[in-house]
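J.: The chain contents come next:
There are 2 protein chains.
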Amino acid sequence: MRFELTILGSSSALPTSERNLTAHVLNVYERFFLIDCGEGTQMQLRRTRIKFGRINHIFISHIHGDHIYGLFGLLSSLNLLDRSEDLHIYAHEPLRKGIRYIIRNYEGKFNYAIRFHPLDEEQQQKIYEDLRVEVYSFPLKHKIPSAGFLFLEKPRELNIRAGYVKKYDIPVSKIHEIKNGADYRTQQGEHIPNHRLTEPPYKQRSYAFCSDTAYWEDIVPYIQGADLLYHEATFADEHKDQAEYTLHSTAREAGRIARKAEVAKLIIGHFSARYKEEQITALVNEAREEFGETLPAHDGMVYSIEPYRRDHH
Amino acid sequence: MRFELTILGSSSALPTSERNLTAHVLNVYERFFLIDCGEGTQMQLRRTRIKFGRINHIFISHIHGDHIYGLFGLLSSLNLLDRSEDLHIYAHEPLRKGIRYIIRNYEGKFNYAIRFHPLDEEQQQKIYEDLRVEVYSFPLKHKIPSAGFLFLEKPRELNIRAGYVKKYDIPVSKIHEIKNGADYRTQQGEHIPNHRLTEPPYKQRSYAFCSDTAYWEDIVPYIQGADLLYHEATFADEHKDQAEYTLHSTAREAGRIARKAEVAKLIIGHFSARYKEEQITALVNEAREEFGETLPAHDGMVYSIEPYRRDHH
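Protein chains in written order, with the numbering used here: chain S, 103 to 415; chain Z, 103 to 415.
Derived by calculation from the structure, the hints in this document are not laboratory data.
All of these numbers come straight from a predicted model, not from anything done at the bench.
Hints may be right or wrong, so weigh each one.
Chain copies aren't distinguished; within one or between two, either way the pair holds.
Here are the simulated DSSO-like cross-link-like pairs (lysine-lysine), alpha carbons at most 27 Å apart as the crow flies [as the list claims (entries may be wrong)]:
(1) Lys-211 - Lys-245
(2) Lys-268 - Lys-342
(3) Lys-153 - Lys-243
(4) Lys-281 - Lys-342
(5) Lys-362 - Lys-199
(6) Lys-256 - Lys-228
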């Protein structure tokens with residue numbers, strides 16, 4: 103039942119000795135979703151002991167080098183590791199051609215197929231769904247088309263309280279109904295209302311990834327109430343003009359988005375290499391003036407969202 | 103007067119948590135020559151504190167992904183760092199187009215020019231020369247055209263023995279002649295033979311890089327007597343058939359080349375990811391049965407060749 107983010111790289115365009123280029127892995131029930139694939143992603147997967155073979159879906163926010171140059175090596179390694187299952191890549195259309203170019207010129211034929219899914223530049227779109235999770239893309243604001251992603255756990259059934267199946271001798275045939283909200287009548291005719299039999303389901307957990315982007319309130323509805331938001335915070339207040347010019351965000355702006363979207367927790371990252379590690383605290387403090395629940399990203403960071411229940415109504 | 107190798111990556115096609123993909127830096131008198139540029143090279147440069155801006159020449163052995171996928175990110179970072187000087191790349195012709203493709207599609211215009219120098223696939227060739235060093239390429243034997251590189255320090259002048267300029271009152275105008283072998287006649291008419299005035303020059307130091315390649319004795323003349331040879335050793339004896347099939351070398355074969363070429367020291371690397379760190383010792387031992395002076399490469403390894411004098415004849 104894991105819903106767990108691992109940050110592989112938290113630098114902006116220039117890596118530092120401490121920070122690799124952008125890549126995240128979200129583990130949803132042991133499905134591993136890779137988000138962005140900056141240079142060095144495969145080495146960071148090795149270091150964090152995430153098996154390459156578990157990754158079936160790669161989401162690319164935008165086609166800037168620092169978010170994609172790890173893709174070619176990873177695709178090559180998957181082939182060397184005898185992958186045979188399809189690999190799905192969700193990215194803006196122009197990357198399709200680039201991947202094809204690299205493979206044709208430097209790799210040769212792969213043992214597995216790449217399924218390319220172009221992202222909509224203009225509007226929110228459901229791009230993936232399975233039994234456990236839905237993934238949405240939505241437009242950010244950057245120099246080139248850039249997408250945010252929302253990973254939303256699917257609603258789960260009610261849980262029957264431990265011991266009640268035995269206590270009331272509930273037949274297996276009724277369990278599905280009860281989990282979906284039905285009351286139960288015992289063989290003795292006693293009516294047991296559903297809320298006594300069941301516990302509320304876990305809340306749908308969610309993770310929103312927003313990088314690269316300028317400060318842009320239009321994204322708020324897409325990420326409203328997320329359990330965890332990663333928002334880029336390339337610059338400190340003192341370089342606000344740089345942020346505006348390059349269509350990046352300041353840490354304070356990331357905090358403001360988190361506050362407006364009423365998320366539970368904010369992680370900021372994609373820090374400019376100009377800031378030394380000891381200066382990152384200043385960025386966090388600027389974000390916290392807007393939104394207290396802010397953490398700085400670091401490479402190898404793991405953030406787990408535990409299952410939690412809604413209050414019973 | 104440094105002549106110093108730093109190994110940034112020592113893995114073969116698949117990186118491990120300990121080993122990055124192939125890249126070496128040779129520091130010759132504070133000129134930094136980059137040899138191969140596997141994914142992660144720029145991060146490894148950060149970790150080893152080698153300034154990107156000091157690299158003006160990049161030598162690429164062959165166009166397999168694990169030797170080139172760090173190039174795109176490095177070129178991009180050099181641009182972000184406001185490089186303006188030309189950057190020289192020495193590689194087989196097809197890479198020229200690939201670099202152009204990536205820059206055009208994902209980078210836009212660079213502030214600096216890339217000068218591409220195609221390598222000769224067929225024969226030894228002097229590809230670079232400055233006041234301190236000459237660089238030669240020569241063909242290796244691999245699935246695609248692959249080149250070895252020899253870095254050869256230029257011969258230096260004789261050194262005048264400390265104190266002799268003062269003792270014999272040698273005028274500055276004569277010093278250049280003496281350093282080039284002339285005897286000296288003092289104002290009192292005494293004849294001082296050159297060998298009393300001077301010490302022999304330092305021997306020309308040399309570094310040979312041979313990766314990727316099958317065992318191939320044809321390379322021996324090109325690397326004869328090198329102070330340091332890096333030779334790939336992808337496989338152990340037990341996988342000799344794999345080495346033959348993939349046109350790579352075993353550690354033992356690397357040792358045999360070192361012995362035949364009478365080099366002073368051998369470093370083996372480019373180890374298959376199938377070998378765990380504790381198994382590398384076995385590869386080293388196999389190489390040492392052919393050539394005692396063998397060391398295993400590891401990422402971050404620095405090997406300095408100190409200046410040393412020839413015997414006076």
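J.: Each hint: holds or not?
T.: Quick rundown of the hints versus the structure:
Proximity of Lys-211 to Lys-245 under the C-alpha cut-off of 27 Å is restricted to the inter-copy arrangement: shortest distance 15 Å between copies versus 34 Å within a copy. Taking the closest pair of Cα atoms, Lys-268 and Lys-342 never come within 27 Å of each other, the shortest separation being 63 Å inside a single copy and 63 Å across copies. For the homomeric pair Lys-153 and Lys-243, neither the shortest alpha-carbon distance inside one copy (33 Å) nor that between copies (33 Å) is at most 27 Å. Proximity of Lys-281 and Lys-342 under a CA criterion of 27 Å is satisfied in neither setting, with 52 Å inside one chain copy and 60 Å between copies.
For the homomeric pair Lys-362 and Lys-199, neither the shortest alpha-carbon distance inside one copy (38 Å) nor that between copies (47 Å) is at most 27 Å. Taking identical chains as interchangeable, the C-alpha atoms of Lys-256 and Lys-228 lie at most 27 Å apart only when both belong to the same chain, with a minimum of 13 Å there against 64 Å between chains.
Violated hints, listed in ascending order, are 2, 3, 4, 5; each of the other numbered hints is respected by the structure.
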